[in-house]
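Colleague: Next come the chains, spelled out residue by residue.
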Amino acid sequence: MSVVEQAAVLPAARPRPRPTARSVALRSLGVVFVLALLVFMVGPILWLALRAFSNVWPYPRFLPSDWTMKWWHSVFADKSLGHSIKLSFEFAPVVTVASAVICLPAAYAFSRFNFPGRRFLLVSLFATNAFPKIGLYISMAGVFYTFNLMGTFLGVVIVQLIGTVVFMTWIPTAAFSSIPRSLEEAARDAGAGPLRVFFRITFPLAAPGIFVAMILSFLASFDEAQGTFLVGIPNYITMPTEMYTLVLNYPEQAAAVFSILLAIPSVILMSLARKHVMGGRLAEGFQIR
Amino acid sequence: MVLPPVAVVAVFIGFPVGAAIAYTLGKTGGPNSTIALIAQRQHVAKHGVTFAAYREVLGNAHVRGDLWATVWVTLLTIAAVVVLSWAIGLYVRLSDTWIARTVSALSVIPLFIPVVIASYAILTFYAAQGFIKTLAYHVGWHSFPTLGYTMWAVVIGEVWVNVPFGVLMMSSGLNSVPNALIEAARDSGASLPQTIRAVLLPMNVIPTVIVATFTGIYVLGSFTVPYLTGPSAPNLMGVSMSQFFQSFNQPQQAEVMAMIVFVLAAGLGTIYVWANMRAAKRASQTS
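From first to last, the protein sequence lines stand for chains A and B. Per our numbering, the first sequence starts with residue 1, numbered consecutively. Per our numbering, the second sequence starts with residue 1, numbered consecutively.
Rather than coming from a laboratory, the hints here were simulated on the basis of the structure. Small disclaimer: the values here were computed from a predicted structure and weren't measured. Please note that a few of the clues may not be correct.
Footprint (simulated), chain A over chain B, 3 or more residues, beta carbon under 8 Å [as the list claims (entries may be wrong)]: (1) 14-28; (2) 56-68; (3) 115-121; (4) 141-150; (5) 189-202; (6) 219-232.
With the Cβ distance kept under 10 Å, some of the chain A side facing chain B (calculated, not the full set) [to be verified]: (7) G191; (8) P194; (9) R196; (10) Q226; (11) G227; (12) I260; (13) L269.
Simulated restraints, written as ranges between beta carbons of each label pair [claimed, not checked]: (14) G14/B <-> R118/A: 13 to 21 Å; (15) N235/A <-> R278/B: 43 to 51 Å; (16) G191/A <-> T97/B: 37 to 45 Å; (17) R64/B <-> A207/A: 48 to 56 Å; (18) N235/A <-> A105/B: 37 to 45 Å.
Glycine included, C-beta positions come from ideal geometry on N, C-alpha and C.
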């Protein structure tokens, strides 16, 4: 599973040297590095996943001494948890579509037209990322009281939308920019109208970038906890915000079960987008051009 | 066509931030009137502006503790993420073994896991009965410290969350260095460290700056990681400002803290924009 798809391999110009003490040491250092990274990256997730099936887990044992499925039953039986799952699946699509409608035309314009202030506007969208999130949400919440947006559906949508604007603009902008203009011009010369050119040439070629932006936006909304916590409470408690309560008030195992449920959509959607995200589209989008 | 997102940013970021600045300076009218009705311990400016709210917040020893914690956690996280991303990026760029491929696959795992879950998982992993303590116990290190609910757990969590972005940026930057350049340096007798210093490092300043600034801004604005894994006090500013807003009902003080964090982030943001502009200028000069 090569993650960095374009990783060009160094050509074997020199014959491979015989293994020396130094190269063996380097290689074993590499193996130690991988093991440490494995524990650091995967360890916490596995440890939590095991907890979802544990009945008795005395310290210091590496595995539970008694296994059970009862936590799964109790989570599924809990009405308020089910409600938060449903809410999460309502917010994320609404936010993603709203974000696409607002940002995609702009992405096209940013990539195709060179208008005065273009760079300034592109950088000013960066403002959404340049403000530390929680500080921004606090400022927004202060004004939301005046406009009666606290604790409303629209208020939560706005808070989550803010977190998607950068993805939705920058990544598609890079995708549109990577399409050679000559392709579009050739289609125009062959007699296609501007709309036809857009839907037959430009859009299909930019689609992977747009798709990645939509997945990232969906997940940004689905996983957004801190802003929703601040603005949505007490009426709109989505899955991630429910986690705050779960961690504090429920047995550890129930929180572990809920964690697994909440991670499923992320794992599936990110796996779909994996190829493109790793292929450098994300990195592309972060360099202002 | 460009207007809608710019308008969204202006209305929902520019305007609230502007209103928040006015509110922290004692202006309780206009968009701040509703919150001013319910807030406690407000500093109101009768004429002009007042810095009383800033004086109160910065005079609070607890807040100062939070501020220092925020600064050192941010700097430490930036350093750790930059070093890790470079190490992993270089490894993957220069080596094509299964080990390198495993490393790059491992480093992006956090992309797949929501932050709330990651924070909770990291808390239990480093907790008093977590894996690390269990492991230390079995190798005979019984006095190994519990990291859960300390600032160390916060740093670990922030690094964990930010590693994929760093690795993706650095890999993409390192891959854009042509093999011919590396080969040429090696053929003219440069050792691997020399090649890294003279070829790969200067060509990857921008990605490094991007990784450092975005990581820093992320940590400054984080709430979930420190809230779930950190101690009750002192903790990061993100946690204490939500407490001031929600639990203590002192939104003006919370917004003052938001402003302080904005100033810290603005410093980082300036470096990012400057580095990008410089690179763009250079590119236009050479082409």
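Colleague: Each hint should be assessed against the structure and marked as holding or not.
Modeller: A quick look at each hint next to the structure:
1. Against chain A, the stretch 14-28 of chain B contributes 7 residues with a C-beta closer than 8 Å to a partner C-beta. That satisfies the three-residue criterion, and the hint holds.
2. As drawn, the stretch 56-68 of chain B meets chain A at 0 residues by the rule of a beta-carbon pair under 8 Å; below three, the given contact is violated.
3. Residues of the stretch 115-121 of chain B lying with their CB closer than 8 Å to a CB of chain A number 6, which satisfies the three-residue condition for coverage.
4. With 0 residues bearing a CB less than 8 Å from a CB of chain A, the stretch 141-150 of chain B misses the requirement of three and the coverage assertion fails.
5. Coverage of the stretch 189-202 of chain B by chain A is violated in this model, with 0 residues showing a Cβ closer than 8 Å to a Cβ of that chain against a need of three.
6. For a cut-off of 8 Å, the count of residues in the stretch 219-232 of chain B with a CB near a CB of chain A stands at 7, and the three-residue condition holds.
7. Here the hint on G191/A is broken, as its CB sits about 25 Å from the closest CB of chain B, past 10 Å.
8. Proximity of P194/A to chain B is violated relative to the hint, the smallest CB-CB distance being about 13 Å (cut-off 10 Å).
9. For R196/A, the interface hint is violated, the least distance from its beta-carbon to any beta-carbon of chain B being 19 Å, above 10 Å.
10. With 10 Å as the threshold, the beta carbon of Q226/A comes within range of chain B, its nearest partner Cβ sitting at about 4 Å, so the hint holds.
11. About 9 Å separates the beta-carbon of G227/A from the nearest beta-carbon of chain B, less than 10 Å, and the hint is met.
12. Below 10 Å, beta-carbon pairs count as interface contacts, and I260/A has one with chain B at about 8 Å; its hint therefore holds.
13. Hint status for L269/A relative to chain B: holds, with the closest Cβ pair at about 9 Å, below 10 Å.
14. Checking the proposed 13 to 21 Å range against G14/B and R118/A shows it holds: the Cβ atoms sit about 19 Å from each other.
15. The given range of 43 to 51 Å is respected by N235/A and R278/B, whose C-beta atoms sit roughly 48 Å from each other.
16. Judged by the Cβ atoms, the range 37 to 45 Å given for G191/A and T97/B is violated: they are separated by roughly 53 Å.
17. Separation of R64/B from A207/A is about 51 Å and conforms to the stated range, judged on CB atoms against 48 to 56 Å.
18. Between N235/A and A105/B the beta carbon distance is about 41 Å. The supplied range of 37 to 45 Å therefore holds.
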